[in-house]
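Here the protein sequences line up with chains A and B, keeping their order. Residue numbering for the first sequence follows numbering that gives the first Met the number 0, starting at 0 and increasing by one per position. Residue numbering for the second sequence follows numbering that gives the first Met the number 0, starting at 0 and increasing by one per position.
Just so you know, the hints here were simulated from the structure itself, not pulled from any lab data. Incorrect hints may appear among the rest.
[As the list claims (entries may be wrong)] Capping the alpha-carbon separation at 20 Å, the derived lysine to aspartate or glutamate pairs in EDC-like fashion look like this:
(1) Lys511/B to Asp18/A
(2) Lys318/B to Asp289/B
(3) Lys511/B to Asp56/A
(4) Lys8/B to Asp208/A
(5) Lys511/B to Asp59/A
(6) Lys42/B to Glu109/B
(7) Lys402/B to Asp56/A
(8) Lys182/A to Asp208/A
(9) Lys13/B to Asp208/A
(10) Lys318/B to Asp270/B
(11) Lys402/B to Asp18/A
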Amino acid sequence: MPLLIVENLQKTYRLGRVDVPVLRGASLAVEEGEFVAVLGASGSGKSTLLHLIGGLDTPDRDPERPSGITFDGRDLKAMVTRDLDRYRARDVGFVFQFYHLLPELTVIQNVLIASMVRRGPGARSAPARAAEILDAFGLASRLGHRPAQLSGGERQRVAIARALINEPRLLLADEPTGNLDRKTGNAILDALARIRERTRQTVIMVTHDPSVAARADRVVNLEDGRVVSEHSRPLRDS
Amino acid sequence: MYQTLLTRKYLTSKIMPLLASVAIVLCTAMVLITWSVMGGFLKSLVASGRTMIGDVAITFPNVGFPHYQDLVRRLQADPMVEAACPMIESYGLIHLPDGRNELVVVKGVEGDSYNRVTEFHKTLYWRPLTEPVPKDEFGDDWRLRQHSLWAGRLADGMALREMDTQRAQEVPAAVFGIEVAGFNIREVWGGYTPGVVRVPQSDGTLKDQTVLMFESTITLNLLAMDPTGRSVETSTRQVPVANEFQSGLYDIDKQTILVDLGLVQQMLNMDEAERIVAGSAPDTHGVVVDPATGRESFEPARETTVDPARVTSVLVRGKGKQEDPRPLAERCREIYRDFAAAHTGVPPPENIRIATWEDQNRTLISAVKKETGLVLFIFSFISLTAVILVLAIFWSMVSEKTKDIGVLRSIGASRSGVAMVWICYGLAIGLIGSIAGGALAYAIVWNINPIHDWMGQQLGLVIWDPRVYYFVTIPSEVETDKAVIVVLGGVVSSVLGALIPAARAAMLSPVKALRFE
Ligand SMILES: Nc1ncnc2c1ncn2[C@@H]1O[C@H](COP(=O)(O)OP(=O)(O)OP(=O)(O)O)[C@@H](O)[C@H]1O
Ligand SMILES: [Mg+2]
Chain A
0 MPLLIVENLQ KTYRLGRVDV PVLRGASLAV EEGEFVAVLG ASGSGKSTLL
50 HLIGGLDTPD RDPERPSGIT FDGRDLKAMV TRDLDRYRAR DVGFVFQFYH
100 LLPELTVIQN VLIASMVRRG PGARSAPARA AEILDAFGLA SRLGHRPAQL
150 SGGERQRVAI ARALINEPRL LLADEPTGNL DRKTGNAILD ALARIRERTR
200 QTVIMVTHDP SVAARADRVV NLEDGRVVSE HSRPLRDS
Chain B
0 MYQTLLTRKY LTSKIMPLLA SVAIVLCTAM VLITWSVMGG FLKSLVASGR
50 TMIGDVAITF PNVGFPHYQD LVRRLQADPM VEAACPMIES YGLIHLPDGR
100 NELVVVKGVE GDSYNRVTEF HKTLYWRPLT EPVPKDEFGD DWRLRQHSLW
150 AGRLADGMAL REMDTQRAQE VPAAVFGIEV AGFNIREVWG GYTPGVVRVP
200 QSDGTLKDQT VLMFESTITL NLLAMDPTGR SVETSTRQVP VANEFQSGLY
250 DIDKQTILVD LGLVQQMLNM DEAERIVAGS APDTHGVVVD PATGRESFEP
300 ARETTVDPAR VTSVLVRGKG KQEDPRPLAE RCREIYRDFA AAHTGVPPPE
350 NIRIATWEDQ NRTLISAVKK ETGLVLFIFS FISLTAVILV LAIFWSMVSE
400 KTKDIGVLRS IGASRSGVAM VWICYGLAIG LIGSIAGGAL AYAIVWNINP
450 IHDWMGQQLG LVIWDPRVYY FVTIPSEVET DKAVIVVLGG VVSSVLGALI
500 PAARAAMLSP VKALRFE
């Protein structure tokens with residue numbers, strides 16, 4: 000069974016009296032260990048889709064068109080607020096286009112805060128784990144720096160480290176290279192690839208850039224609020 | 000906890016909320032200083048109110064009650080009672096050296112026993128001083144010089160007797176409240192200087208003359224009554240003034256004179272006296288004619304009784320500090336009941352008024368209490384500005400940090416967890432502000448007198464004028480429980496101010512927060 004099943008997802012924003020349908024029946028299945036790229040034009044609803052998958056937002060409920068997100072057999076619709084908070088803390092990690100680091104915290108604190116929020120058995124070993132991930136990202140000497148003292152690429156690597164510190168089963172990346180030049184963007188994608196080689200991390204990455212999408216195992220297109228075509232490539236043997 | 004981490008970081012990196020903290024410092028300090036000073040003022044008032052009346056007064060006004068010596072004995076035998084003394088309280092008209100008449104409250108007391116109950120010797124003003132009073136920097140106090148002038152004044156005042164040099168015998172004397180005669184001038188440093196009056200001379204000129212009350216003799220008029228309360232006659236005596244007292248309560252210092260009890264009893268016909276029992280004497284007016292010799296002689300009345308001396312009050316001082324004098328009052332009532340049962344001609348216990356010092360000073364004390372309460376209320380109300388300030392600053396900080404809140408939600412923070420960030424922060428701001436405010440208040444109140452003096456010298460600003468407040472020094476004690484209440488109040492206010500912004504942060508939709516520009 001796929002790790003994530005998205006079925007017939009509807010999301011409509013209401014601007015005054017006008018309904019703006021963004022997702023109109025998007026469906027997607029992601030296997031454990033898969034790296035899926037969602038390709039779509041700007042405004043096609045890519046971020047909206049990720050937010051829904053990550054439990055930050057809720058899809059429309061239309062009794063005539065049943066829809067849902069199922070993660071590891073659990074229906075997000077059935078989760079109460081507290082379960083959704085826990086789902087975000089344990090099972091998913093977010094990476095954003097604009098890094099979204101907390102400016103007052105140092106690099107290491109920005110990573111550790113995710114484990115502090117999660118509070119769990121892994122909290123003890125979190126500092127060591129954070130140092131290890133940051134070391135792998137080449138940031139070992141920057142642990143005490145503030146985000147403002149880092150370059151964009153470095154910040155994004157800190158953001159990825161924060162998303163991974165709790166060892167989530169699903170990484171949701173929203174145009175992680177969208178704000179970086181091609182070279183830096185490629186470096187970020189290389190780093191991600193290295194991690195996947197080791198952990199077979201499941202990743203859903205949205206982007207409007209086909210060349211970035213091409214680094215994924217599988218690319219899907221988001222058009223008209225639907226996942227219209229899937230350019231499937233065979234899963235790399237692990 | 001990520002909340003404490005963020006609070007610590009915000010505290011060290013944000014200036015604005017520290018301004019809120021400063022507001023809390025000022026508000027807590029303001030409230031605590033006011034409360035301490037006004038509370039201290041109230042305490043001084045209560046203390047000086049007690050100096051003149053003891054803890055409990057047993058009173059039957061006007062006519063008074065006999066056998067008071069037995070009542071005093073019974074009271075002093077009780078383990079709750081430290082001392083008891085008789086007193087007559089009446090109104091009198093005094094004629095002053097400059098010709099004015101003043102209506103005064105006359106308290107007839109025995110110096111010794113009255114002193115045991117009220118320690119009134121401490122209030123006697125004219126006495127030799129070796130050290131100037133705290134505010135008298137230039138040594139203007141008369142009592143520092145001419146010690147010979149004050150020699151014996153203290154003893155005379157305590158005894159309520161004075162040596163009449165012409166008659167070479169001790170005579171009963173009076174001790175005046177220091178403001179009664181109105182000659183003494185109250186100085187800024189809190190003491191008195193004898194005043195100067197223009198006295199018309201025989202040749203028609205006016206001559207300046209310093210009035211020393213304790214050198215003067217006044218005319219005292221009292222209205223005597225018979226045991227049924229009917230006015231009998233006005234009795235008038237010349238009474239020398241032995242000293243003056245300063246109780247610290249303006250009303251008492253302005254209205255009261257102490258006079259030797261024996262003298263007052265005599266003047267009011269309340270002393271022990273032999274009385275012919277009505278109808279027992281022959282209608283010969285006491286003159287009998289010896290039928291044999293025809294010589295007239297006096298015959299004693301056949302039946303006489305001794306009317307015992309009376310007083311209107313017995314004052315009682317309890318053992319120990321007597322924070323709450325009511326149990327003592329209760330005990331006094333029981334003792335009076337036994338006393339009344341043992342004697343005839345004593346007013347029944349139901350008619351006797353037994354009042355604690357609190358009862359007697361109720362109006363003044365409750366006025367100051369109400370005033371303190373009112374001022375505290377107003378200041379606490381003003382302190383709401385600090386709450387509003389915290390609210391406003393936190394509100395704008397929540398706006399500024401909207402994206403961070405979205406990030407926290409995206410990594411799994413709950414709504415309440417995000418709210419706790421702000422409450423935690425408010426708590427920290429409140430703790431810092433209130434503790435600093437409390438410390439500031441301590442520092443100011445402890446040094447309030449030097450600070451006040453300095454303000455007086457440098458800025459010409461005298462807020463606490465001893466001529467108005469009646470105490471030379473400003474109360475300078477911070478009570479711990481008050482400090483704790485005020486500091487807690489500051490913390491609570493700050494948290495209250497943070498509450499609404501915290502709720503707002505919790506209500507933010509994480510998606511909108513993340514999309515926030
Ligand atoms: N809160 C909102 N209210 C109304 N409309 C919204 C809201 N959020 C998003 N939209 C609209 O939904 C559409 C999809 O937005 P979304 O951010 O998901 O697109 P996107 O594919 O991520 O675009 P981009 O590549 O520019 O990030 C857009 O047209 C946007 O204007
Ligand atoms: Mg987007």
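Evaluation of the provided hints:
Proposed proximity of Lys511/B and Asp18/A is supported: the alpha carbons are some 17 Å apart, at most 20 Å. For the given pair, Lys318/B sits about 63 Å from Asp289/B by alpha-carbon distance, which is inconsistent with the 20 Å threshold. For the hint pairing Lys511/B with Asp56/A, the CA-to-CA distance comes to about 10 Å; that is within 20 Å, so the pair holds. Of the supplied pair hints, the one linking Lys8/B and Asp208/A is violated, its CA atoms being roughly 38 Å apart against a limit of 20 Å.
Between Lys511/B and Asp59/A the CA atoms are separated by roughly 17 Å; this keeps the pair inside 20 Å, and the hint holds. Restraint check for Lys42/B and Glu109/B: not satisfied, since their Cα atoms lie roughly 28 Å apart, outside the 20 Å limit. Using a Cα cut-off of 20 Å, the hinted pair Lys402/B and Asp56/A holds, with the two alpha carbons roughly 16 Å apart. For the hint pairing Lys182/A with Asp208/A, the CA-to-CA distance comes to about 14 Å; that is within 20 Å, so the pair holds.
Of the supplied pair hints, the one linking Lys13/B and Asp208/A is violated, its CA atoms being roughly 39 Å apart against a limit of 20 Å. For the hint pairing Lys318/B with Asp270/B, the CA-to-CA distance comes to about 30 Å; that exceeds 20 Å, so the pair is violated. Restraint check for Lys402/B and Asp18/A: not satisfied, since their Cα atoms lie roughly 26 Å apart, outside the 20 Å limit.
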